[in-house]
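**Student:** Chain by chain, the residues:
4 protein chains.
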Amino acid sequence: MIKAGIIGASGYTGGELLRLLVNHPNVKLELATSRSLAGKPVTLTHRHLEGFLDLRYENPNSENIRERCDVVFLAVPHGSAMNYVPELLDGDTKVIDLSADYRLETSVFEEVYGITHRDPRKAAYGLVELHPEVAEQDFVASPGCFPTGAILAAAPLAAAGLIDIALFDSKTGISGAGITPTETSHYPNLAENVTAYKLTTHRHKAEISQELARLDQKLRNINFTPHVIPSIRGIFTTAHLFTKEPLSTDELRSIYEDFYRNKPFIRLPSGIPSLTAVRGSNFCDVGFESDKENNRVVVLSAIDNLVKGASGQAIQSMNLMFGLDETLGLWLPAAAP
Amino acid sequence: MIKAGIIGASGYTGGELLRLLVNHPNVKLELATSRSLAGKPVTLTHRHLEGFLDLRYENPNSENIRERCDVVFLAVPHGSAMNYVPELLDGDTKVIDLSADYRLETSVFEEVYGITHRDPRKAAYGLVELHPEVAEQDFVASPGCFPTGAILAAAPLAAAGLIDIALFDSKTGISGAGITPTETSHYPNLAENVTAYKLTTHRHKAEISQELARLDQKLRNINFTPHVIPSIRGIFTTAHLFTKEPLSTDELRSIYEDFYRNKPFIRLPSGIPSLTAVRGSNFCDVGFESDKENNRVVVLSAIDNLVKGASGQAIQSMNLMFGLDETLGLWLPAAAP
Amino acid sequence: MIKAGIIGASGYTGGELLRLLVNHPNVKLELATSRSLAGKPVTLTHRHLEGFLDLRYENPNSENIRERCDVVFLAVPHGSAMNYVPELLDGDTKVIDLSADYRLETSVFEEVYGITHRDPRKAAYGLVELHPEVAEQDFVASPGCFPTGAILAAAPLAAAGLIDIALFDSKTGISGAGITPTETSHYPNLAENVTAYKLTTHRHKAEISQELARLDQKLRNINFTPHVIPSIRGIFTTAHLFTKEPLSTDELRSIYEDFYRNKPFIRLPSGIPSLTAVRGSNFCDVGFESDKENNRVVVLSAIDNLVKGASGQAIQSMNLMFGLDETLGLWLPAAAP
Amino acid sequence: MIKAGIIGASGYTGGELLRLLVNHPNVKLELATSRSLAGKPVTLTHRHLEGFLDLRYENPNSENIRERCDVVFLAVPHGSAMNYVPELLDGDTKVIDLSADYRLETSVFEEVYGITHRDPRKAAYGLVELHPEVAEQDFVASPGCFPTGAILAAAPLAAAGLIDIALFDSKTGISGAGITPTETSHYPNLAENVTAYKLTTHRHKAEISQELARLDQKLRNINFTPHVIPSIRGIFTTAHLFTKEPLSTDELRSIYEDFYRNKPFIRLPSGIPSLTAVRGSNFCDVGFESDKENNRVVVLSAIDNLVKGASGQAIQSMNLMFGLDETLGLWLPAAAP
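Protein chains in written order, with this note's numbering: chain A, 61 to 397; chain B, 61 to 397; chain C, 61 to 397; chain D, 61 to 397.
Hints are computed from structural coordinates only; laboratory data are not their basis. Honestly, I wouldn't trust all of these hints.
A pair holds if it fits inside one copy or across any two, identical chains being indistinguishable in the list.
As the list claims (entries may be wrong) - Capping the alpha-carbon separation at 25 Å, the derived lysine-lysine pairs in BS3-like fashion look like this:
#1 K182 - K278
#2 K258 - K352
#3 K88 - K352
#4 K304 - K258
#5 K100 - K63
#6 K304 - K352
Chain A extracted, bound-state conformation (with noise of 0.2 Å):
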């Protein structure tokens, strides 16, 4: 059994790889940590996982989590897991990072967040469906909720170099913006409602611009806008693709097709992506259709941000470290309606 433990433990993401992980088949719960909760159970903050663990919150300063774990997670914020990684990784210990500390080049990083790095080291984009690499690692980078979406849409296009110009209008459930209440998560002000905001200025954008860079060096032109919609999980992504050749949905499906044969985690259903089909799964469901006009391409992913878009898919990469089947613990239908 794989012990793991998880840093940072008491907010969403943190519950998230609780509730995937209390029944991965491989693993064993080791360590789950928090500040402010330590001593307290487990279920006290995520009640829904009474009966599943009794695991009590320890502090994330204890001396011998190297020793005691094969895996953590970092569910911290950004900023913080770089206090973690280099004594985590100073022995046989492998480490999935979900904040953003190592998925930027560290000039890029220090930029978009306004923070000097304490520990500039490489990791693998945890995005596996595009990093096999991910596989042969002990330290990798989870994706962005955003990026993970807009990746997913655009990358067969990228890859082909079709993009001209990459345009990204996102729209995210609000618990991506964590578990602690504010303005914009309360009731009154988010029902019945959209929210549009850092309208041009996003930090997720420089994770999207790096990884289609990768895959097209000549895609500059890449835009991004988020909203919050009245919802609990999920990032809807509308990628308006302008192609610097007509493409016909068909030769779409092809080539997407062709992209994602053999992941699992990629569905391309007919007709249009549903939150509601991928909801608490691991799914990113795409769909696509030709502007006949203005050679524009419009692509639609569909995941649940706290899934694909963190937990599910650092539980992902974890398994392919560790050799085991990605879809371990995993393999979950969506609980639709």
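Let chain A serve as the given structure and place chains B, C and D on it in line with the hints.
**Tutor:** Here is chains B, C and D on its own, set in the frame of chain A:
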């Protein structure tokens, strides 16, 4: 492997049986019927199951259902199940009926549902926490969604003969009304609203009364008023129980803990239960508080109407009928939040 | 023109007073206070009022409020109103208090709210359908939101001495909890959920009891349990009233029609009331059905908690106190759907 | 008093016309038609209007509509309005058509809607902020909901000849789809979800293109993709406008302020517009931000689809057509939250 069939698989309870059975370690899905969709892939209507099964809908009149299936679930409307039961039971096939046809005494059924029963036989009532005899049966009538929440909330006090008046004010998500769009399920009518219906005459009252009378023959003053809230899943039951003597909250806890000892799907969390903590799962969470003034006890239960209130509970019966651990295939935490 | 001031104008009830008063034909808004926002435009927080008023928040300790205002609305927390009332009433200014400070007998207030009253004077209770004497007063304590819905549902039967047990199971939208984000109002906690709270101990019970006792001194068995539903506005009250004798639905209608004759804001629609039909308006819609079995009557009332349950009702009192038609400025239909 | 009639008054736009007209100081409601409900009280379907009017639905074929009404609103499906217009206009009655029948050039209409036009006459396009000539007309084609939000977002930059590519990613509440329950409006399908539809082929694109071309003949690259969000009312339009030259956010504000000077229903709040701030009102709130990198400008507009996007805007036209202040009967703030 248990070969399982579902008659009426295209609705919500059918879909939920499929979702849970595709991952059940001891079950092979053999058959899913739909009169109107015969020949079409099951995933055409249950898109979230894409990748999990490649069944096609069959016509429900197929001749050899009994031979092909070790167990058949009936997820058909009230009044239809009795068309299938006699033939299906004429062999070794076990049958679990999710309709109301066999839940009530025949005479009560005929009065409440206004239908002459064409097959008045007895079935075990599949609320297994109260009916362990389900394990010995070939034929089970699985409970209604409201009765599940209401009976589980009141049973410990009814069994102790302590209830004077029982009043159930229930709040359900709209999925209980089914997959077909109606005025009630029309988003502009339901969102930001709450609706009561069949204020004094809902059919489920007969089921609640029958079961509580079984526990306490003298309990006659039983009242039930259902509401629909803007939620997809879940039933939150507020049981206002006027008791024959004052009971402290501590005494309540002790009575409930004793009654539900070793019932893996009944949880008694501290605080107030939440639909969020049971969504998608087979749990029934129960909480309570004593009203010092009026010999009233407020008991709250939270279930997912499609799981513990329908399909999960039916599978729980199946597990017992086949000598399996009752939690098999059902030991899934809610995907909270 | 009546010069009106609002102490505590930055919250939801303050905003709703402003929304209704900007279009009131006989009112000029003179003053809106907010301790933390003094000097800032009122539309900074109430963006929907942009274009309707150009007031700036003032400090609530301004010296000359009494001189500047013909009427002052107090939309401050419980325990604070009593700091303003003595001085404001020391002149010709009329005062309408939306807090709980003056709704209850002083001794009851002190026990229920745990505060020593520093200004134990009497106020008219501003539920004008039951208290026409409001028209003669300078000082009115405007009712709580839950009591408004509960009392209006039960009053006709209480006045007729017909109620044996009154049980109010109330469902409120979250705006009643105020403008400040909390765990309860956090979208992922409230959406797709329903929560009960203060199951047997909510402070509004004292208000309900006081008013019903006024109508029927012998009515003692009064019970109240509030719930929060995923809705911004609205209170739907399910009054389960056990009566001393059986009553038919026709008899009920006759009793309610007589009792509420010439009350413009009480409507008795056929069928079941709906929050949608009252949203944003000052109406209280009431419906009912007789339970033949247990001498139970189910009475339902629907109000907008911020209008009839708070600010609209307060303006209704103001209209009467100034000799105006009670519907002035309030005769607005709901914006349904 | 202006005597007003509504053909097709039982749907949402009909209901919204009634809600606004019952309180319009210069209007008397004379007629409301519904083929299927003829003879029934209007409040049977519009329960929120109980107490405000006692009209009964009439048959739309009534002979003397023209004689009885000074103005007739057509709130009928596309393709039906042209059945009424010729006769209604054959006299002094003014007509405001809320359907699509007269919004487009006849040839474009016939292509986009697949209907041969039986009455190819010209109408003024009732987006009064751009078409002051409405004031001189007897016949107005009131704009579609999506075009209202999209055109108002882009018009100032189009008029300045600054737009290279216009891409509208629109998010609408479900009431735009009408009063009849559908799969899309089924609560379990819409809640916690977001749906895109007619990704590249929505009919409203022709309307957007026609109007923007009127402002800038060279603007050809226009794109439109609509979405439905879980909200009853509101359209939030994200206009991604690639401009011919870089524009700062300050320059944008200046251009928009100049363009919309003295337009009472266009507001330019600081920050990001919100559906909450316009819900139930006739306002269009517009915000913007410049993307320094790609010559992109993000313009956001928020309207209530049933008011500014349909019935309110139609009444705004009516006011002008009768020489009244355009705000009469419409100067209502949103009921936020």
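**Student:** The structure should be examined with respect to each hint, and the outcome stated for every one.
**Tutor:** To see whether the hints hold, each was checked on the structure:
no., hint, verdict
1, K182 - K278, "within (24 Å within a copy, 49 Å between copies)"
2, K258 - K352, "between (31 Å within a copy, 13 Å between copies)"
3, K88 - K352, "neither (53 Å within a copy, 46 Å between copies)"
4, K304 - K258, "between (29 Å within a copy, 23 Å between copies)"
5, K100 - K63, "within (21 Å within a copy, 44 Å between copies)"
6, K304 - K352, "both (13 Å within a copy, 24 Å between copies)"
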